[in-house]
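Visitor: Residue-level listing of the chains:
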Amino acid sequence: MSFKLRRSSQVALLSFAILASMGAGDEESRFQSLGHEMMCICGCGQILLECNHVGCRYSDRMRSELVAGLDRGENDQLILQAFVQKYGTTVIAAPTRTGFNRLAWIMPFLALILGLVTSALIIRAWKERAAPAASARAGPSLTQNELDDFRRQAREETKL
Amino acid sequence: MTATVAFICVFVTVSILFYVFYLPGTLKLGPEKTRQTYLRERKEVVYENLRDLNFEYKAGKFPEADYQSIKTSLEDEAAAILAEIARLENAGAPTQGRKGARS
Amino acid sequence: MSEIGSFSLLLALALSAYSLLAGIAALTYVGPQAERLGETARRAGIATFAAVLMAALVLVTAAFSDDFSIAYIFHHSNRDLSAPYKFATLWSGQEGSLLFWSLLLAGYGLVLRLRHKTDQRLFAYASVIIAAVQLFFLLLLNFAAHPFAVVEGQLAADGNGLNPLLQYPEMVIHPPMLYLGYVGFTVPFAFALSALIMRYPGEKWIHITRRWTMVTWGFLTIGIFLGAHWAYSVLGWGGYWGWDPVENASLMPWLTGTAFLHSVMMQEKRGMLKIWNMWLIFTTFMLCILGTLLTRSGIISSVHAFAQSSIGSWFAWFLAFTLAVCVGFFVVNKRHLESEHRLESLVSRESSFVFNNLLFVLACFTVLWGTWFPKLSEWVENTKVTVGPPFYNSVAVPVALLLLLLTAVGPLLAWRKTSLESLKRNFLWPSLGAFAVGVVMIVFGVRPWGQISYFYSFVAALLAALVIFTVLSEFVRGGRVIAGHTGQNLWLSMVQLWHRNTRRYGGYVVHFGVALVMIGILGTPFNQEAEKELGYGDKLNIGKYTLVCRSYTQDDKPNYSSEWAVIDVYQRDQLAGAPLETMYPERRFYKASQQSQTLPQIRPHFTNPLVVTDLYLVYEGINQDTGRPIIKAHLNPMVSSIWLGLLVMIFGTVIALVPNASAVRAIAPARVEAVPLGAGD
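Protein chains in written order, with our numbering: chain A, 1 to 160; chain B, 1 to 103; chain C, 1 to 681.
Some clues are possibly wrong.
Here's a subset of chain B near chain C, in silico, CB distances under 8 Å, partners left out [unchecked claim]:
1. Cys9
2. Thr13
3. Val14
4. Phe18
5. Leu27
6. Leu29
7. Phe55
8. Pro63
9. Asp66
10. Leu88
Hints were generated in silico from the structure; no laboratory data involved. Yeah, the Cβ is synthetic: ideal placement off N, Cα and C, and Gly gets one too.
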């Protein structure tokens, strides 16, 4: 709990610092980045700033709300929260990094680590496997000379 | 209309049944897979690997030492297969049967 | 008419059921009549194709004769629809596309059963498995999604028409390509399962199926890219990939299928990775079924509008059944799949294939996870979340870069083991080339340290260059050896080199195409866009261009009415003289379905000698207050490289399918017995 508190105060501090250091020129880039963190909710399944299908009744309104939020000088967190309150959690384009949603982000890395460990184990097992004895399959009746003959035959037949 | 539909349906069904179940004479089937077939397939694969190795060596992709060691192990593999083919042929058992192939 | 269709579907059902049951009986029963029974099963399989084909023909004929008494035709066609789209009615709705799927499967089954002499017993098993899959689809068609259902009551004068989004030439070929890919994976799946069930000796089944797999993979690739190109040219948002669940559904089997194409080489050449390959192809097939489940059931919301229906549960049960069968036979016969060889060295082609497979499967898992996570979150937390492009991009980009690195490095690693010296030998020139490309890019003003996305783009460009130089060095080295033997020039020698081992060198060409595609994708961070309401003579500036609206107008056609703008394109602020070109972004209103659709105009331009940029104009609609059109312009650098890359990939796949010439022996000195070109494989 205290970790969460510390974390959120860090976030608040950071966003405040970012906000303070930002001039009006950064508003466009904030608009772009926030607009790409959200979806248009008209059902088109597109990022808010990329939805432009004819007669979309949502994307224009949502965009102007975003501009209004920026004009009021609200920080990113606040703006996103307002959107979530109004349009529901699905408005955020990717799972958040808190609570159960964290699992969405962790799993691919977990899978990577698991995969790497498994592959490493498999490769090690392969390396340690005893080399199959070449002559064992040919039957016990063969002499070294005969094997050498066959080896020569293979060499001749595969020559460039 | 209904009569035409019925005629088409009956005609198609009869022709298909005729095609499926009318099998005069002996069947023309492909060869059964034997241990020799299997060994020959294996031989081709190992030969292909050897040819590739030789080719890539000529293309300058292998240092001498790597080339020799890989070549030796591939030739061993090929020799073992050739030996078994020869043994089976000498034994005069051209069709040792499919089960024999399941080593 | 519809009665003949319904009857053929019933006939096909009976035939595939017979093919399955008689096939199983013939394989398990040992007796004098087993072979004859097997032959009737094979023939019933062939006849299934005739019956399904007849059903499909009836549906297409009904579409052309505007037979709106068939509900499917009423819902997906109208009188004024042009001929190609009437033909496409076959696959533009739920029931029709299932019939089409069944037809393609029967077609693949036909070819397989005609070639049965290649390996009698293996093909008999494969034929039975295909018949089982076919039976499932025919049960679905007969009892859950009947394409010949009849409209009750008064007949309508005209149909509802085809979805306007689909009235675009590529949409006529995109679904068939995708289906050919999806359905085609049934064939390698059937062979793999057969090999497991009958404990097939050796790896010849892979050799037999490798062309099937490559063809299937090629179709799936074309299908996916056509979908992307369609999204780019029709949807009008300036992008080509949106990580929509249905796009994901087609990407997943592509990823595992691509992994399979690589790792089977391990089994063919070294007898390794047998269990893995078996499961890879099982998974690929099941992902194809899962994709269909996702698309058709409405379990996961998507923009791809297929009617939500009950057939989702059919697919779920079929998936569960397939998994059970695969697991069952695997448990019984897994001892048969033990590896024959050991790994000699960690630095070898073998281990590069292992990592290649790991990355492909990881990518597939991530896509699967992202697609299902919203559902999972709903179950667990009872909250809905969106897993959109930001999630996929953050995982997919690093994975794609690593794969690109392996694409460059893998072909230079030798089988069995690669020493440091050989690494140096093989990597020197390609990496110097890639380094030079990096320097040139920086000289041309690319600044990779500005943003993480710029950095990724830069790295991807270097890796793409490395891939291209690797491929070139492989061709040149090999070509030189042949030129040394035959005295031919280098070009002819390189052609002969390809002919020696078409799969390998065709594969390298595919790698080259992949590098081009990556170059196209990495242009995305540099996209620009602008939007403005343009009256007569109004200007809009974007990048190096100024757009001037010359006029806007409208027209009326039988199937749709349209509005469009006439936009002159000039170099920025150089409005004197003739325009560079004139563009006509358009918007259509389809009468039958009462829906609107934009038709963006796209023109590629060289913005500098190295960069081709698409100027992409969208007619967004009319401002109701002023009556003037709203035009949106995008500048998308390097997108053309994606489509070029696809063409190269297709070319590579096609030349990989050509049979090998026994060129090795043909180029050998005279003392070794020469075998004529064209023999072999």
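Visitor: Which hint numbers doesn't this structure obey?
Guide: As far as the earlier hints go, 3, 4 and 10 are violated by this structure, in ascending order.
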